[in-house]
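*Asks:* Chains V and X, in that order, are what the protein sequence lines are. Each residue of the first sequence is one higher than the one before, counting from 17 in our numbering. Each residue of the second sequence is one higher than the one before, counting from 1023 in our numbering.
Heads up, a few of these hints could be off.
To be verified - Under the rule of at most 25 Å between Cα atoms (straight-line distance), these lysine-lysine pairs were calculated in the DSS-like manner: (1) V:K124 - V:K58; (2) X:K1039 - X:K1079; (3) X:K1079 - V:K121; (4) V:K73 - V:K121; (5) X:K1033 - V:K58; (6) V:K85 - V:K95.
Hints in this document: simulated from the structure, not taken from any laboratory. Just so you know, these numbers come straight off a predicted model, no measurement behind them.
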Amino acid sequence: EDQVTQSPEALRLQEGESSSLNCSYTVSGLRGLFWYRQDPGKGPEFLFTLYSAGEEKEKERLKATLTKKESFLHITAPKPEDSATYLCAVQAVYGGSQGNLIFGKGTKLSVKP
Amino acid sequence: GAGVSQSPSNKVTEKGKDVELRCDPISGHTALYWYRQSLGQGLEFLIYFQGNSAPDKSGLPSDRFSAERTGGSVSTLTIQRTQQEDSAVYLCASSPVPDYGYTFGSGTRLTVV
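Excised from the complex, chain X in its bound form (with noise of 0.2 Å):
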């Protein structure tokens, strides 16, 4: 597609619940990031994945945090026993190469009640 594709754009849940988080990358990109944004702070990198290598999952807060991507394309992060403090808007972005700018999507906004 023409840009990067988040979905869904808005998520409610309760507390404890699992959600999956899907990001639809630019065609031809091999990086792709996923960040989260909470109210009044910065982005927070998550994780990295970059063509077959294995990714970097340094960011991810805790071990409730998985993602994977499938085909080199298409990725999901996923947040299994939700708690409110993952409330934020979940922010994917991709490159055609790692240090070159990039795009990102709109976002999925998580709110966990």
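Looking at chain V on its own, in the form it has when it is part of the complex (with noise of 0.2 Å):
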């Protein structure tokens, strides 16, 4: 079965202090990762598709890089407008509903000045 382990659930940092955020993932077949920014009371927003092991992006203080089995965003010297619920999601090449990602329950990031 296709699933999405994303870790820590919550995680508090300082302004300033760098760290980063885990996606495990279980896929048959692998046709890109996801990742979204949630605010509270809205839809996810668009941040980034990995398509291959190796691949890396970048925007601004984050920076996601994907691996066989798991996905990291990183997030450099973080600001209190970062505060926000990550969400990863893959979408599976081969499956009964091609198209569609499956979502990882996020991981809820505070941010303190």
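Reassemble the complex: the two chains are provided individually, in unrelated frames, and hints are given to aid placement.
*Replies:* In structure tokens:
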């Protein structure tokens, strides 16, 4: 069964304290791995798509990396405005639901000034 | 429009009543998805529309749930005979192609009392 596990469930950081969020996945064949940011009361906001092991993408203080079993979202020198829930999702190459994403439960990040 | 629009933003209904939730995707996006987000749970896939193809309904939790997409644009998710366990945030997303980053709406918060 395809599944996504994110850790930790919650993470508290001081402003400027770099850290990483983990996304472990089990999927029959990976078409892509997606990272989203979700603020309270809003829908998820697309951040990155990674397609193959070794791929990396960056956006401001965020950097996403991918291996064959997991992905990391590295946050460098975070600011309070980075506080949000970060969601990881995978899309399988084979499956009855071509096109839909399988989401993890997310990591709730709080950055204190 | 500029983004995915969902209405209503909030809906309170009595157990046993039917509800309709509306999604207006980004113009030109051929793929449209419905997800459900319950408290403490990850996003749960419900249904997927791609162009004029038959929808993928594999995620619908029961036959009380149905969805349609008219003219390849607006979609309506209907829940018949609502139950308390249907209470959740219902999110709609669209994308220009199936494996591209989805753009989510802000969701409809459904409360069944």
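*Asks:* Confirm or reject each hint.
*Replies:* Comparing the hints with the structure gives:
The straight-line distance between the Cα atoms of K124 of chain V and K58 of chain V is roughly 14 Å, inside the 25 Å bound, and the hint therefore holds. Our distance criterion of 25 Å between C-alpha atoms is met by K1039 of chain X and K1079 of chain X, whose separation comes to about 22 Å. This hinted pair checks out: K1079 of chain X and K121 of chain V have alpha carbons roughly 22 Å apart, not beyond 25 Å. With a CA separation close to 22 Å, the supplied pair K73 of chain V and K121 of chain V stays within the 25 Å bound.
Taking the CA atoms of K1033 of chain X and K58 of chain V, the gap is about 16 Å. The hint holds against a cut of 25 Å. Taking the CA atoms of K85 of chain V and K95 of chain V, the gap is near 29 Å; set against the 25 Å cutoff, the hint is violated.
In this structure, the one hint that does not hold is number 6.
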